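Colleague: Chain by chain, the residues run as shown.
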Amino acid sequence: MAVAVRIPTILRTYTGGEKSVEGEGSTLEALIAHLDASYPGIGERLLDDGKLRRFVNVYLNDEDVRFLGGLETPVADGDAVTILPAVAGGAR
Amino acid sequence: MISRAVVDAIVGHARADHPDEACGVVAGPAGSDRPERFVPMVNAARSPTFYEFDSADLLRLYREMDDRDEEPVVIYHSHTATEAYPSRTDVSYASEPEAHYLLVSTRDPDHAEVRSFRIVDGEITEEEVRLVGTLD
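Top line first, the protein sequences correspond to chains A and B.
Under this note's numbering, the residue at position 76 of the first sequence is numbered 76, and the numbers go up by one with no gaps.
Under this note's numbering, the residue at position 46 of the second sequence is numbered 46, and the numbers go up by one with no gaps.
Hints are computed from structural coordinates only; laboratory data are not their basis.
As the structure is a computational prediction, the values presented were derived from the model and not from experiment.
Virtual Cβ for every residue (Gly too), placed ideally from N, Cα, C.
Among the clues, some could well be false.
Going by beta-carbon spacing under 7 Å, a handful of chain A positions derived as facing chain B [to be verified]: (1) Tyr14; (2) Asn57; (3) Asp64; (4) Val65; (5) Gly69; (6) Ala86; (7) Val87; (8) Ala88; (9) Ala91.
Using the sequences provided together with the hints, build the complete structure.
Modeller: Right under this line is the structure:
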């Protein structure tokens with residue numbers, strides 16, 4: 001099974017510059033673990049204390065996984081996962 | 001280098017959303033460093049001290065830029081009561097190392113401060129905002 005994962009610019013240092021890589025896993029959590037095994041260190045940029053980081057958006061196909069099942073979201077062969085760091089900030 | 005018209009549009013957006021922070025990007029052809037296409041975004045936080053692009057809007061924006069072979073050349077937002085300088089929060093969330101982070105301060109109703117910065121690996125470098133009539 002293969003899932004296409006779109007990597008944002010800031011995380012391409014982990015993937016040797018690749019903007020799209022393949023991963024596998026039956027859930028998002030498993031997919032991230034698999035990605036981290038292939039690209040060490042990337043997991044920590046996505047997870048904090050085992051949970052998805054607040055300011056990193058992860059999408060399964062067209063949906064933000066926060067509205068699906070979070071880390072438990074099932075992932076299937078042919079799915080596309082996109083990672084986009086939040087664009088945020090402010091005076092405080 | 002950025003056109004006066006685009007900066008005016010950015011300041012207009014900041015004034016319109018004041019006292020909430022306004023935010024958006026100016027997209028341009030990938031690798032060109034040309035901020036051509038003004039894209040105001042909704043501040044999902046709707047706050048006078050914080051901004052965040054709504055996550056669905058963000059996906060749509062990046063897909064659109066991808067389709068058009070563009071990147072976010074400028075990422076702008078406003079500070080409504082403080083100076084047009086990146087805060088600690090701005091620095092910790094800056095995730096586009098190639099972008100120019102344009103700050104507008106709307107604290108003075110008569111005069112908008114506009115300044116631009118690169119934020120790379122946690123370091124802020126101010127840069128000159130060169131206003132031109134057109135980019136060519």
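Colleague: Indicate, hint by hint, whether the structure satisfies it.
Modeller: Verification of the supplied hints:
no. : hint  : verdict
1   : Tyr14 : violated, 14 Å
2   : Asn57 : holds, 5 Å
3   : Asp64 : holds, 4 Å
4   : Val65 : violated, 10 Å
5   : Gly69 : violated, 16 Å
6   : Ala86 : holds, 6 Å
7   : Val87 : holds, 4 Å
8   : Ala88 : holds, 4 Å
9   : Ala91 : holds, 4 Å
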